[in-house]
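For the record, the sequence lines run as chains A and B. Each residue of the first sequence is one higher than the last, beginning at 2 in this note's numbering. Each residue of the second sequence is one higher than the last, beginning at 360 in this note's numbering.
Be a bit skeptical, because a hint or two may be false.
Unchecked claim - Listing some non-contacts, in silico: residues in chain A with all C-beta distances to chain B over 12 Å:
1. Ile63
2. Asn68
3. His77
4. Asp85
5. Gly101
6. Thr107
To be verified - Partner residues aside, some chain B positions facing chain A, computed with beta carbon under 10 Å:
7. Gln396
8. Gln400
9. Leu450
Hints were generated in silico from the structure; no laboratory data involved. Glycine included, each C-beta is placed from N, C-alpha and C at the ideal position.
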Amino acid sequence: GENVEQHPSTLSVQEGDSAVIKCTYSDSASNYFPWYKQELGKRPQLIIDIRSNVGEKKDQRIAVTLNKTAKHFSLHITETQPEDSAVYFCAALGNQFYFGTGTSLTVIP
Amino acid sequence: DTGVSQDPRHKITKRGQNVTFRCDPISEHNRLYWYRQTLGQGPEFLTYFQNEAQLEKSRLLSDRFSAERPKGSFSTLEIQRTEQGDSAMYLCASSMGVQETQYFGPGTRLLVL
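Chain B with its partners taken away, still in its complex shape (with noise of 0.2 Å):
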């Protein structure tokens, strides 16, 4: 599969606890985009970057949101002491460039208990 991979696809976690996502993007996609979507809304766009320079994060919901993209390839997105509205969708992207369009990963869906 050469689409854009997000794992887990899953999450259940406890309030307090600190949970982190991975994406993995097309590979020749230079720009990676994290989104969030809750129920019977659109994405909430949260962060982006192109190789490894995070270009935009003042979009993240709080200092308890991080991301990151090491090498230019994979990201990951962490969230510090997870709190109930944390509870959501949290969407990948990536496209080739500026006005590119954006291939969406099958996202990664937590529950904060």
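Here chain A stands alone, though its shape is the one from the complex (with noise of 0.2 Å):
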């Protein structure tokens, strides 16, 4: 079965608003959760991260929040900008490596 699940798979949001992408998982051993932008055609790229000794991380527009009680995580990017239209995915790692299933995100200009 799927050990992360993404949501949502496909996203459109206004230039200058805020979009949120949510990830959970089931491996209680998963201890690090890293953010890939991937463009079409391209390698995935990361973006930010976040250990389980951490609840909140925030780099410039980028933020990334994790819940390991209720393991779940969260990306947030703010003020969105056309060049922030990509696939996003999240991953859990630790003993095993499982990455969802990715979140198309389009920003209108």
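Need the complex rebuilt from these two chains, each delivered in its own frame; the hints are there to steer you.
As structure tokens, then:
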């Protein structure tokens, strides 16, 4: 079954609005949670990550929150720009390596 | 370029043929991972190495898949007797160690006719 569930699968926002992508995981041994951005035809690129001893991390317009008790974590992008349009993947890594199914984000100018 | 590299970038083969892909990790990284990605899906973990030791291979898709990292540097992924369902992007990634960022290569896109 799915070890990482990611929602929504598609997301459209107006430029300047915020975007939120949520993931849940089931493997309690997972302790590292990166987020990757993948543009069409290109490799996944890390945009932010969080480890299990931290509840929140922010880097400019991007933030990630982690609730280890509930086994869910979220990506927040504020003041979205057209160049943020891409597919975003969450991952839960520990003894195993699970990626979400991706969220296709479209930022409408 | 000091990033992860993969060769070839594209491979077209006929069903039943064997194919081998190569991955060169970032030089100081001791962990190397192989993933498969199909259209519209996230990377699916296949196997990984710490130095030359293959630490997990139960997720390899079948016994037609095998991977090696003989000297703890580059790695190869071989698919024997390819099937049309093997068509996908095969991604390699490397990291410094546990709980460290995995850096992905550009992938090898396989098409089995």
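| Against which earlier hints does the structure fall short, listed by number upward? | Of the numbered hints given earlier, the structure breaks just one, which is hint 5.
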